[in-house]
Amino acid sequence: MQPRQLASQVLNFALVLSTAFMLWKGLSVVSASPSPIVVVLSGSMEPAFQRGDLLFLWNRGLDTRIGEVVVYNVKGKDIPIVHRVVRRFGGGSTPLRLLTKGDNNAADDTELYAQGQNFLTRKEDVIGSVVGYIPFVGYVTILLSEYPWLKQIMLGIMGLMVVMQRE
Amino acid sequence: MSATTKIAVHSLADLKNTTDDALPNYLTSLKFKQFHTQTDIRLLLGYSAVAIAGVLFYFDWKHGWDATKAYTGPAVLVYFLLNGVFSYWMWAVEKGCVFEGEGKTGKIRISSTTKKHIPIYELSVTFSHPSSSLKQTIHIRAPFTRWFTSDGYFVAKPFQQWLASEIPIVGAADPNNVVEEIGRGSEAELERVLNASGVNVTDVLGQLKAGGGRKSGVSGRRRKG
Numbered sequence: 001m002q003p004r005q006l007a008s009q010v011l012n013f014a015l016v017l018s019t020a021f022m023l024w025k026g027l028s029v030v031s032a033s034p035s036p037i038v039v040v041l042s043g044s045m046e047p048a049f050q051r052g053d054l055l056f057l058w059n060r061g062l063d064t065r066i067g068e069v070v071v072y073n074v075k076g077k078d079i080p081i082v083h084r085v086v087r088r089f090g091g092g093s094t095p096l097r098l099l100t101k102g103d104n105n106a107a108d109d110t111e112l113y114a115q116g117q118n119f120l121t122r123k124e125d126v127i128g129s130v131v132g133y134i135p136f137v138g139y140v141t142i143l144l145s146e147y148p149w150l151k152q153i154m155l156g157i158m159g160l161m162v163v164m165q166r167e
Numbered sequence: 001m002s003a004t005t006k007i008a009v010h011s012l013a014d015l016k017n018t019t020d021d022a023l024p025n026y027l028t029s030l031k032f033k034q035f036h037t038q039t040d041i042r043l044l045l046g047y048s049a050v051a052i053a054g055v056l057f058y059f060d061w062k063h064g065w066d067a068t069k070a071y072t073g074p075a076v077l078v079y080f081l082l083n084g085v086f087s088y089w090m091w092a093v094e095k096g097c098v099f100e101g102e103g104k105t106g107k108i109r110i111s112s113t114t115k116k117h118i119p120i121y122e123l124s125v126t127f128s129h130p131s132s133s134l135k136q137t138i139h140i141r142a143p144f145t146r147w148f149t150s151d152g153y154f155v156a157k158p159f160q161q162w163l164a165s166e167i168p169i170v171g172a173a174d175p176n177n178v179v180e181e182i183g184r185g186s187e188a189e190l191e192r193v194l195n196a197s198g199v200n201v202t203d204v205l206g207q208l209k210a211g212g213g214r215k216s217g218v219s220g221r222r223r224k225g
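So the sequence lines, in the order shown, correspond to chains C and E.
Quick note on this note's numbering: the first sequence kicks off at 1 and runs consecutively.
Quick note on this note's numbering: the second sequence kicks off at 1 and runs consecutively.
I should point out that these hints are in silico values taken from the structure, not numbers from a laboratory.
Do not take every clue at face value.
What the hints assert, rightly or not - Chain C side only, calculated, beta carbon under 10 Å to chain E, not exhaustive:
# : residue
1 : Gln5
2 : Ala7
3 : Ala32
4 : Gln152
5 : Met154
Unchecked claim - Capping the alpha-carbon separation at 20 Å, the derived lysine-lysine pairs in PhoX-like fashion look like this:
# : chain 1 : residue 1 : chain 2 : residue 2
6 : E       : Lys115    : E       : Lys31
7 : E       : Lys31     : C       : Lys77
8 : C       : Lys75     : E       : Lys62
Note that CB positions come from ideal geometry on N, CA and C, so glycine has one too.
Kindly generate the complete structure, drawing on both the sequences and the hints.
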């Protein structure tokens, strides 16, 4: 195969990957959220959200109200949590602070927060409010993270398809 | 997908790609010098876009959203601009060009197309003779069956004969492959059958084309890759 032809095929594959990544980043910029789409990983918000639901987040307009469902990251933990705001303090000139609780949980989230933390700081901890969702489609990612070999198989198939097909 | 491998004859993409690959091989063997400028510009555009995405990915992964969010917006914008120019280049400038080059007998630029589900190879050939700047464009087409065996092997000779006979400056560079139809062989038979029903080959091709989709002046384009 000629070098230019090889370069073209590699480029096509790279463009597919980079376009997906840049669309994601574009969505991040528009929603001002580092992670504009998340998948619900636990049943703590049932019956509102099930495991595997795909949530769309919006992080502009930081004046979050009681009753809104927010996604936040706890310092030192990687997994984002989707819970409802049940109390708010401050706001305006002082930083807005929130207390959250899962609809399906008996207690509020103070147990889940980092050590010594009794509330969330809106600006720092919350990555967005839920503005829309698609039920169940995110279940694929749960499967992929629970069975990592599925990931390798999928990547392999995708790579093969791009290399084999030119049209 | 080189010319020697067996392809699936029912795959129009395979037929076209194999033929597209064989065309520059033949012309370069006739000492036509291939120009790569347009391909190189396309590659440059594409790889610049990919590089931007790659750098953003690296910094995002290394330093996180808070450090990179100021640059993410512009990077996304530039990426999609480059991507847009890349698509425009392929669609409006390259236009399915499979060979552009120059030989002793003149300059030549060849673009290939096929219509959906119709196994006919169509070429748009623009050429000029060495001493003149006058450009001529001809449209030629032939069924893939002319240079593919029924079990899917590409046969170079009939393909080269077709090109040499149809394109004057290729014929001038390779006079041995110029053939004249003398009323024998399968090609002539086909013509006789068609003549019997009172239509010529191009009409039948036109009908085939109209049957396969809306007939328009603009030929189908493909993303070259």
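Hints, one by one, checked against the model:
Satisfaction of the interface hint for Gln5 (chain C) is found here, the shortest Cβ-Cβ separation to chain E being roughly 8 Å, below the 10 Å cut-off. For Ala7 (chain C), the shortest C-beta to C-beta distance to chain E is roughly 6 Å, which falls under 10 Å, so the interface hint holds. The closest approach between the C-beta of Ala32 (chain C) and any C-beta of chain E is roughly 8 Å, which is under the 10 Å cut-off, so the hint is satisfied. With a cut of 10 Å, the hint placing Gln152 (chain C) at the interface with chain E is violated, because the nearest CB-to-CB distance is about 20 Å.
Because the closest C-beta pair between Met154 (chain C) and chain E is about 19 Å apart, greater than 10 Å, the hint is violated. Taken as a hint, the Lys115 (chain E) and Lys31 (chain E) pair is broken in the structure, with Cα atoms around 31 Å apart against an allowance of 20 Å. For the suggested pair Lys31 (chain E) and Lys77 (chain C), the alpha carbons sit about 65 Å apart, so the restraint of at most 20 Å is broken. Between the alpha carbons of Lys75 (chain C) and Lys62 (chain E) the distance comes to roughly 18 Å, so the proposed pair stays at or under 20 Å and holds.
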